[in-house]
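If you read the protein sequences in the order shown, they are chains A and B. Each residue of the first sequence is one higher than the one before, starting from 1 at the first, in our numbering. Each residue of the second sequence is one higher than the one before, starting from 1001 at the first, in our numbering.
Hint data in this document are derived by calculation from the structure and do not stem from the laboratory. Take these hints with a grain of salt, some might be off.
[What the hints assert, rightly or not] Listed next, with one range per pair, are the computed distances between beta-carbon atoms:
{"hint": "1", "chain 1": "B", "residue 1": "Y1122", "chain 2": "A", "residue 2": "A107", "range": "31 to 41 angstroms"}
{"hint": "2", "chain 1": "A", "residue 1": "A121", "chain 2": "B", "residue 2": "F1138", "range": "21 to 31 angstroms"}
{"hint": "3", "chain 1": "B", "residue 1": "V1043", "chain 2": "A", "residue 2": "G165", "range": "24 to 34 angstroms"}
{"hint": "4", "chain 1": "A", "residue 1": "S363", "chain 2": "B", "residue 2": "I1029", "range": "34 to 44 angstroms"}
{"hint": "5", "chain 1": "A", "residue 1": "Q500", "chain 2": "B", "residue 2": "G1155", "range": "23 to 33 angstroms"}
{"hint": "6", "chain 1": "A", "residue 1": "K105", "chain 2": "B", "residue 2": "L1127", "range": "21 to 31 angstroms"}
{"hint": "7", "chain 1": "B", "residue 1": "L1127", "chain 2": "A", "residue 2": "S363", "range": "21 to 31 angstroms"}
{"hint": "8", "chain 1": "B", "residue 1": "W1077", "chain 2": "A", "residue 2": "K190", "range": "30 to 40 angstroms"}
{"hint": "9", "chain 1": "B", "residue 1": "V1026", "chain 2": "A", "residue 2": "A121", "range": "47 to 57 angstroms"}
{"hint": "10", "chain 1": "B", "residue 1": "L1127", "chain 2": "A", "residue 2": "T450", "range": "44 to 54 angstroms"}
{"hint": "11", "chain 1": "A", "residue 1": "Q500", "chain 2": "B", "residue 2": "Q1164", "range": "45 to 55 angstroms"}
Cβ atoms here follow ideal geometry from the backbone N, Cα and C, with glycine treated the same way.
What follows is the residue order along each chain.
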Amino acid sequence: MLTSQMHPRRTRFVAMTTVTLAGLVLAGCSSGSSSGTKSSASAAASSTSAAAAASSSAVAAPTSNSAAASTSGAAPTTGAASTAPASSAPSSAPTSINTSALGFKTATQDASAGITVWIDASRQAAATAYKKAYPGDKITVVTYDGSANGSNSFKTKMALYDRAGSGWPDVVFSSQNNDASWASLGTAGKQPYAATLNTGLVPSGTLSSWTKGSLDPCTVNGKVYCLRNDLAQDVLWYNKTLMTQFGYTLPTTWEQFQTLGAQVAKDHPGYIIGDVGDTFAPEIYMWSSECQANKVTGPKSVSVSVQTPECKRMAQLIDAGVANKSLSTLSVFTPEFVKASAGKVLMMPGPAWYTGAIFNNPSSLNVPKGQLGVAPPLAWGTSPAVTGDVGGGTWFVSSHSKNLALAAKYAEYVTTADAYQVDQAPGYPAYAPAAAKWLAKQQSSGYFATDLSALTTAGGLVWSGWGSPSYSQEAIWAKTMTPILTSGGSIANNLGKWQQAITDQAKVNGYSVQQ
Amino acid sequence: MSADLRAADAAPLTRGRRRPQRGRLVGAIFVTPYALFLLAFGVVPALYAVGLSFTKAQGGFAGFANFSKVMGDFRFWPAVQHVGLYLLVWLVALLVLVVVLAIMVQSLRSRSASATLRLVYYLPGALAGASSVMLWLFVLNPVASPVGPLLRWLGYHSFDSTIQPSHLPVIFAIIAFWTGAGGWILVMFGALNNIPLEILEAARIDGAGPFQLAWRIQLPLLRKWISYVAVLSLAAGTQLFVEPTLLSQASNAVVPNDYSLNQLAYQYAFDLGDFNGSAAIAVLLLVVSLVLSALFVLRGGLFERDAS
């Protein structure tokens, strides 16, 4: 349900505690010793839910534990579908695999070995759905922060397991979409964490059903290292009621968008047509303008050139909108934003998850039923429209797993099965067949003022020129450009600073940078 | 390191009244757990870090390669500058205000007022480090803050404008002062009570007012304590981590996650997977705080034996 969407960014404080623990340990001794941080890793990993603890010992009497496992309160809406495992489960899941063809060194396989799965709190429903479908499988579920908000805990913990030489979880959910960039490469000569999935673990027929381009962040050198959980494609959200009331026509190009912004600023001061105050602003605006800030040209090479017309036109659009106040510079997750803009959002380019996170959220904008419309991404002039993408989670299988077949089956189930992706998932499923059913279900809720086909359209329009390097473009934008925006400076005049910051960060992360 | 000084300092301040034989045994019993912890969580990790900083990731002697690598990082010198500026603001404010407040509290005639004030100063310190920083996240947000009107009057209408980069050293200094100063005021208060009444009375008879009393009698006699506060605070201050890390998370990275040197070390270890580079930063920090501490110890006469 969109209403119950819990976006990773909203779990900020959960993530914070983990980081703080690690931080306190580190700050405690100036040596930054690994012994200290290891303890915080195990502390986080031991926060297993009661249900998960039960599931590890569930082999003998699976039925007695099923009640405990479904205490999350999220009762499946279509009970019939989810109680019949065969109906939606991956039927082609391999029971035994040919490890020699996988293309990486595997551990000795044991078909009866249990697996450990790391998920974030929002993915608890996925674990519950799997347990319902396959009560006999030995799965230990561990809840962690999902690597959200730049906590980087997935990467951090795997680095420690790499150092220890054991302990990796078999399946990991990450709320980020750039983890394949490091998980596909081993650090310091170690075996890469991620197992290759398109060499036998997941059938190619299944992989080809993912929405076009949605596996790009998972793909390095033609090999697929993760399964995309959900898409976060940018669309144009708008308030149909307000637009009609003001007598405005919905823009189809960015030029019209900018002109309308100036009009709104004059006629209806206080109303906004977008927001640039978040760390992911470049992924909404710069990405959909085909700005060449983040072109990944190889596993360790990027091309950065932000002084191009594509970047400049969008930078000027942002500057103009900020100057006439039709674009807000407050983060959409702050109380200031809600205070200033509730009831005054005319339009808002942004990701699919904006509905649950801000529009249809009682503690945020709380737009009433029947007002919110969704339009396809805007184009520049007559050129075809492309769009950006803000996040979207990913599932990884460990290359160190002792039961790769079970781990792959798990990852495939949670990304494709209706029992989770259609009935329970808060975000737009990346797996196309599930997405179609999910959309139909959202449509029937009657919340939206328009049909949702724009989401499907946008799903296939994500521009592939914006890659997923191991460093965070969001963090770079936040520390370089956000202070400029808040202090009233110009983005267009400071693109050079952005260029420099991206280049520096890329080099530190071991990338060779072409300008 | 810092705790060594504490132990060394305690010696001249306690007057040996017990028989030496028994005193030595009791002393050893008291010191042993501390020494063990120091070894396990201080000395051994420090040696491990020194080892790491001079080796390559795959093993083998690296010389100063790790050091030149981290010093060549574009984030290193800004981080040094950030920490340096913060230390300057914080140490000066801490030392001046702690001494002034302690002298003021000690000169209060009313016992209950003095006791109440001491409790009030100490209270913020009773909150654990991270949670007190969390509290400041609200204080710094003009919308949620109890001092919101003041912030808005100063021209800061959003969280991002309050925490703009140029404000950070002062903000961190205020947070650190608020959480840590209470304890030091108590320590300083204790030290002031140790000044023999006869000396103070003699000065008063000679016509010294409260300011002269503070300047000519109390301050010189507090010199050792002031350098003690300075040394321990310096060690803590160079390790600036929790405040910027939490603020970075809360501001969605507008406060960068590589603001301080310790954060940069954290980034090296866990973002880049480069434990050797991380260790190099830690060793650099250790060297710098050792040198600065030595300066304070020598100038402050911390190891001078009590003449009386």
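To see whether the hints hold, each was checked on the structure:
Under the hint 31 to 41 angstroms, the C-beta atoms of Y1122 of chain B and A107 of chain A, about 55 angstroms apart, miss the expected range. Distance hint check for A121 of chain A and F1138 of chain B: the Cβ-Cβ separation is about 24 angstroms, which falls inside the suggested range of 21 to 31 angstroms. For V1043 of chain B paired with G165 of chain A, a C-beta distance near 26 angstroms keeps the hint of 24 to 34 angstroms intact. In this structure, S363 of chain A and I1029 of chain B break the distance hint of 34 to 44 angstroms, their C-beta atoms being roughly 56 angstroms apart.
Separated by about 29 angstroms at the C-beta atoms, Q500 of chain A and G1155 of chain B satisfy the suggested range of 23 to 33 angstroms. At roughly 50 angstroms, the beta carbons of K105 of chain A and L1127 of chain B sit outside the given window of 21 to 31 angstroms. Between L1127 of chain B and S363 of chain A the beta carbons are some 27 angstroms apart, a value that agrees with the proposed interval 21 to 31 angstroms. As the Cβ distance of W1077 of chain B to K190 of chain A is approximately 31 angstroms, the hint placing it in 30 to 40 angstroms holds.
Taking 47 to 57 angstroms as the suggested C-beta distance range, the pair V1026 of chain B and A121 of chain A conforms, at roughly 52 angstroms. In this structure the hint that L1127 of chain B and T450 of chain A lie 44 to 54 angstroms apart at CB holds, the actual value being about 50 angstroms. Under the hint 45 to 55 angstroms, the C-beta atoms of Q500 of chain A and Q1164 of chain B, about 20 angstroms apart, miss the expected range.
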